[in-house]
Amino acid sequence: MNIKKSIYWSVIMVLLLLSVPAMAADTPKVDSGDTAWVLASAALVMIMTPALGLFYGGMVRKKNALSTIMFSFAILALIGVQWVLYGYSLAFGPDVWHIIGNLNWLGLNGVGQTPNTDYAATIPALAYMIFQAMFAIITVALISGAFVERIKFKAFMVFSLLWATLVYDPIAHWVWGTGGWLRNMGALDFAGGTVVHISSGVSALAIAFVIGQRKGFGKHAMEPHNIPMVILGAALLWFGWFGFNGGSAVASNGLASSAFVVTNTAAAAAALTWILLSSYHKRPSVLGAATGGVVGLVAITPASGFVTPMAAIVIGAVGAIISYYAMLFRGKQNVDDSLDVWACHGLGGTWGAIATGLFATTLVNSAGANGLFYGNPGQLVTQLIAVGVTWIYAFVMTVILAKIIDATIGLRVEDEEESVGLDISQHAEKAYA
Amino acid sequence: MNIKKSIYWSVIMVLLLLSVPAMAADTPKVDSGDTAWVLASAALVMIMTPALGLFYGGMVRKKNALSTIMFSFAILALIGVQWVLYGYSLAFGPDVWHIIGNLNWLGLNGVGQTPNTDYAATIPALAYMIFQAMFAIITVALISGAFVERIKFKAFMVFSLLWATLVYDPIAHWVWGTGGWLRNMGALDFAGGTVVHISSGVSALAIAFVIGQRKGFGKHAMEPHNIPMVILGAALLWFGWFGFNGGSAVASNGLASSAFVVTNTAAAAAALTWILLSSYHKRPSVLGAATGGVVGLVAITPASGFVTPMAAIVIGAVGAIISYYAMLFRGKQNVDDSLDVWACHGLGGTWGAIATGLFATTLVNSAGANGLFYGNPGQLVTQLIAVGVTWIYAFVMTVILAKIIDATIGLRVEDEEESVGLDISQHAEKAYA
Amino acid sequence: MNIKKSIYWSVIMVLLLLSVPAMAADTPKVDSGDTAWVLASAALVMIMTPALGLFYGGMVRKKNALSTIMFSFAILALIGVQWVLYGYSLAFGPDVWHIIGNLNWLGLNGVGQTPNTDYAATIPALAYMIFQAMFAIITVALISGAFVERIKFKAFMVFSLLWATLVYDPIAHWVWGTGGWLRNMGALDFAGGTVVHISSGVSALAIAFVIGQRKGFGKHAMEPHNIPMVILGAALLWFGWFGFNGGSAVASNGLASSAFVVTNTAAAAAALTWILLSSYHKRPSVLGAATGGVVGLVAITPASGFVTPMAAIVIGAVGAIISYYAMLFRGKQNVDDSLDVWACHGLGGTWGAIATGLFATTLVNSAGANGLFYGNPGQLVTQLIAVGVTWIYAFVMTVILAKIIDATIGLRVEDEEESVGLDISQHAEKAYA
Amino acid sequence: MKKIEAIIRPEDLDRVRISLQEKGLVGMTVQEVQGRGRQKGVCLQWRAGEYCIEFLPKIKVEMILDDNDVETAIEQIIKVARTGKNGDGKIFIFPVENVVRVSSGERGKEAI
Amino acid sequence: MKKIEAIIRPEDLDRVRISLQEKGLVGMTVQEVQGRGRQKGVCLQWRAGEYCIEFLPKIKVEMILDDNDVETAIEQIIKVARTGKNGDGKIFIFPVENVVRVSSGERGKEAI
Amino acid sequence: MKKIEAIIRPEDLDRVRISLQEKGLVGMTVQEVQGRGRQKGVCLQWRAGEYCIEFLPKIKVEMILDDNDVETAIEQIIKVARTGKNGDGKIFIFPVENVVRVSSGERGKEAI
Ligand SMILES: Nc1ncnc2c1ncn2[C@@H]1O[C@H](COP(=O)(O)OP(=O)(O)O)[C@@H](O)[C@H]1O
Ligand SMILES: Nc1ncnc2c1ncn2[C@@H]1O[C@H](COP(=O)(O)OP(=O)(O)O)[C@@H](O)[C@H]1O
Ligand SMILES: Nc1ncnc2c1ncn2[C@@H]1O[C@H](COP(=O)(O)OP(=O)(O)O)[C@@H](O)[C@H]1O
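Protein chains in written order, with the numbering used here: chain W, 1 to 433; chain Y, 1001 to 1433; chain C, 2001 to 2433; chain F, 3001 to 3112; chain Z, 4001 to 4112; chain G, 5001 to 5112.
Keep in mind that the hints are not guaranteed to be accurate.
Using 27 Å as the maximum straight-line C-alpha spacing, the simulated DSS-like pairs for lysine-lysine come out as follows [to be verified]: (1) Lys3002(F) - Lys3040(F); (2) Lys5002(G) - Lys219(W); (3) Lys3040(F) - Lys4002(Z); (4) Lys5109(G) - Lys5085(G); (5) Lys3060(F) - Lys5002(G); (6) Lys1062(Y) - Lys2062(C); (7) Lys3060(F) - Lys5060(G); (8) Lys3003(F) - Lys5109(G); (9) Lys5003(G) - Lys4040(Z).
Simulated coverage check for chain W against chain Y, where a stretch passes if three residues somewhere in it have a Cβ under 8 Å from a Cβ of chain Y [claimed, not checked]: (10) 69-75; (11) 110-119; (12) 122-135.
No lab work stands behind these hints, which were simulated from the structure alone.
Just so you know, these numbers come straight off a predicted model, no measurement behind them.
Here a beta-carbon is modelled for each residue, glycine too, at the ideal position from N, C-alpha and C.
Turn these sequences into a full structure, and let the hints steer you where they fit.
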């Protein structure tokens, strides 16, 4: 009796005691380690955008070096403001018909220092927001590889703002936003194969069609003016990509570590593959190694939270092969997607999204799904749908936007301005004295 | 009775159990997440100093490129040692008359692996110390923009050591040290508007007066020799600034995230504003975008732990406008503060400190205070006092130090050495072969 | 009675309650803060390898700039794959006879998201693995300073793969692997004085002997083509080194902070010492400051988890003096270890390993040991043995490998290829247009 | 034999080269130079405000030609590089005493 | 018409340009060169120790002038660039056969 | 007095300089140029595939010489730079009217 009572009361006291953390679990609690990793990751992703500017800038002619670097830097400014004002709300705000966020979070209204458990239960909502900001920024900047050396700076800024708003924000909502229809369908995209790479890569192709070739394209050599700058850019991209993929776990745990590992592995495998391909065709290429590394990073991005390191080697290597031959192919066409955004990001992202449908395994991420090779062909179908939808939407919307801008303020600089170079003609500056 | 007893004992047992963490709370405990973030932040702030070297180095003529980069790199070495030997003790050591730390912590004596709860309750005292070291380093390096292309290297080193000891260490103590008089007064300076930016920016103006103009100033064009290098520097500064401001929360939490967000937002808004200003006056400037970004980072620094993202947009944009016109003004005067440290950091910091008095809100930081716009005009007054005191102290002390050095070892190189360039004349080296 | 019973049951309940975390402690638990710091550190160490490429690349002639940068970048790819496939298993896998790991962990089999308590109890095994991967990568890349401007790219790749497998992986096992014989002996090497720096530095000397001097060595000046690039590389190395040493605590705690602090302090002291040495002999050197910083980082590496900041100043300064005069000495010999890997890393690492035997104190790290100055001469002996063994093994193995490669595919390019430069002859690329 | 030095706009180099090649004039040496003449310098932007530089980037094309080819070369260059505006550039003609081909030791016209 | 090529110290360029402009001599082409002559090379620092280079950076100023202007130009250059020490530089004078202005097709003196 | 302009391979510069110095010919001005002649351009790699450039990096060595030294200089250059293959380069000889040394004002042969 007494015993029973003692037990009874002890249990009650213990439950009471336990209820404190239980209650605490109701109000989501910020984990300092997870927050540290996501903030560090946001910083890492931020540096990727100027790094992209260097990566691209080193590949153009000297007279357009600054202009090319500026595309990325200006996007950091432009989308840095757009995202905070309304971009985040459109992409991640409360769902409207599964296609877009509403404007409740305008000006980050209600995005505060406590977690939003819809997206990340253990980090401040602001941390998640700024991590996502960096994704929006770099995606818009990626496109600039398509129209370097000939676009009007003003047209570039207008295009970028519209594209971010009408292409990126919706796609991000579909795939990542709570209630987004592709997310609901079960499409897997850990860190942005569709949202970031297909959207930008396919749009690059589209705008390359509209703006047309550079003067002298296919006739005169267009020498990369500073390959060490390209390598520096690639290295910083690789470095930042650990935040891009690793941070997409929005926690500092085994999954983040796994994503980090496959990221490095795929990049290494792809760079190595590109070195071998270029050796086979001519010589082991330095520019090629850098390009290969980036392509491997692209390819692993959507899969990075779902696959094993051995799969990462395959994903990286195959990604490199696809992009390599796609570049050769594109070079022979009349399309001047000057820095091969389509071949690198469009196709790299497409392959990565498909590979996710092949190699994903719940052994790596129990919150994910199995792919074809783990007995779930349905996932591949879902991935293909997500890929197809993103291709079509991005391509069509970009053509429309580009045509409208071309018809109004004009996309392209004057011939003489192009000859002189955009640094002088658009910015009244020279890269080097 | 029995019930009561059971309850009684259960409660006691439970309290006993709970008392373990309670006691643990008395001895401050290191939080691994907070420590991770502060260490990462210290690394981020460290890279800012060589980044500053590149930022400045790209803006000078080729013959002074190395010399300019060296200013920052040498300070990393010099103050890296000074801080550990006695600088930290002077700035943060036990208070003497509210104006300086004593020398108890000489050689980091007593600065150990457990937290110093005066400064940061959840990270090792050594982590706080090294985070602060990076602030001392970059502040001294910032001044170098004023006297590039003409100072004797030796004079530079002596000046820097004296300035760190007699200007930086005291001001840091006043504002941040336990017992410091401005801190006691309630002056808010989250990450260094007064301590870092006003102190360096005003001192830059002062030493520019003493050392005089470069030969040919206002007569010949002095072309920036490598603007991509400037952009790289600015990008790394932006990147590192997340540690500068975000790390100043000395914890990995909502406040750190908020500081991170406003940092990016202000920088973006300022860069965008500068692009627009330069478009209005001539063309959208690349050098201007980089400069604007840095100015936005400066302006938000003191406010970063106290204001909302929307306030950050205003702070960044207004900061850019102030610095832009201040540069135009300075350029027309006879003062050769060559890389506009005063216009960027002196005025940016001043505006930021004042803006803190306007926009600060305890909604963002309950440990802070409200500013004018949140009903507390007194805070603005406090801020103005802190600003005024820092201006006067930094200016007067720097004039005195510079004059003494000029009268003894001489501040300035010979005319011929200046013509040939400091790389050859001071370092017997050439930047590029 | 009742009281006793109540106590009795309460205690049982409480123990039951406690047993949950107790049991949890048996299955090692990932700490988010420790993981955040180790992942961030892995990213920091990763950037060191391309940084090394820039550091080395700026010091060679323009015609070999890309080739030199490529050495590091290609290693990132090559060893990034090797490590995952079998390198990690050889170095850290289950011990075989205290000299090598077995192949159980081939393809990272069994290296998962939970901790391996043998190496790091609070972070995922994958995080530890990738952190270590970055060490293997940079070590192999370090050697490349010895044979720049004349090695065949293919020979370089083959050599690097063999060296990683037959030299690095075993030494890493001896010193760091569970069961490794030097570890069992009590040799202290916190972050790689023997494993990383002696092994690479001594091997550099060995391969320099085998490959022979560059054409014109000692006759024509071989101007560093881009010193700002060297400084950028050194700055990123310094930045990354915080992860190298700080991350070697494999936790985010007081020890990590201490390692971080001594790292910065030794680098600063060494850079300052080199500035003074060069001033004494000629002028304060910029290239020298960068070199000094790196040498200080090398010297503190093995000691970084065991010594105080004051010891770090001595270790850095003495390291700089040793390397400075070793370079002067080497320059006068007929050995063309072109970028002085032996003087910087071989001797810096040797001095650091010995200094660990002098300055180590359990006050800093209770899991370490005391050195001579703290009353334990035995530690110095152990350190000397570890140093000696590493010297001999690395030297002999490298000579053998280099000779075999030379006899088969040939180590060195044709004279004409060397004259034209490796960028064109090996890679069909030009660094700058 | 004559030497012509043509100072042209950098963006015209590719087209000048091709137009000369069409006439069989292949050998040439080019370099980047800074020029000033009737064409004014250019004002570039500083961080705020601007600064003006006195020299503009130009390309100097040097060709040693047989006397008969001089007029052809001049025509071809003018055809491509003329816009009629200041800064189109100049062609200078100089006497040459001899030419030696290093690889063969040939001298004179054969060596061009 | 003559061509003068003046090899000067890089730091003198601005002042040389201005002093020539004062006499109405505006047209010129300049380039960075490496020179060696009586002035010895310079020893620069390596990481430890030093290495010596044989060539020093110089500026070459080329002007095509009317015969009457040659002496003026020489005077002006000497006025500014002379320090009396080795390395002040040299002025070479060459014959010119003709000048063509690309924009107008003018030849001879008018085209300068 | 003559001026010789030798276009050589960049990798030969050090040896050319030394071989001229052996004969007491020290004064010279060199610059990096891009050349094209019988030697074809080179095809470099793009990220995938390749592109071909028409110009190759060369070094131009300019020397003003006393008439007597011209043949010596030519010989020395040929000795070092000849491989017998295309691209060995050319030496052009031009007349010089006068030389002025800036530091002393000396003219003519003394000034070389
Ligand atoms: N007198 C001169 N001597 C040497 N170079 C000249 C001279 N005049 C012009 N040049 C070169 O020719 C270039 C074009 O000359 P400019 O007068 O601007 O053009 P244009 O004659 O076509 O109007 C200049 O930039 C300069 O390099
Ligand atoms: N004989 C020469 N041929 C070509 N260039 C020369 C000759 N002599 C001198 N120079 C050039 O003139 C520059 C100055 O010559 P130098 O003999 O050093 O000075 P100075 O004659 O004023 O004492 C050299 O750096 C070189 O570029
Ligand atoms: N007619 C020419 N005018 C000016 N420069 C020339 C001419 N022919 C050759 N050159 C220069 O000489 C270099 C070597 O000429 P090339 O015909 O390739 O070699 P080689 O005559 O030794 O076979 C070229 O790269 C170019 O710079």
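Structure versus earlier hints - violations, ascending order: 1, 2, 4
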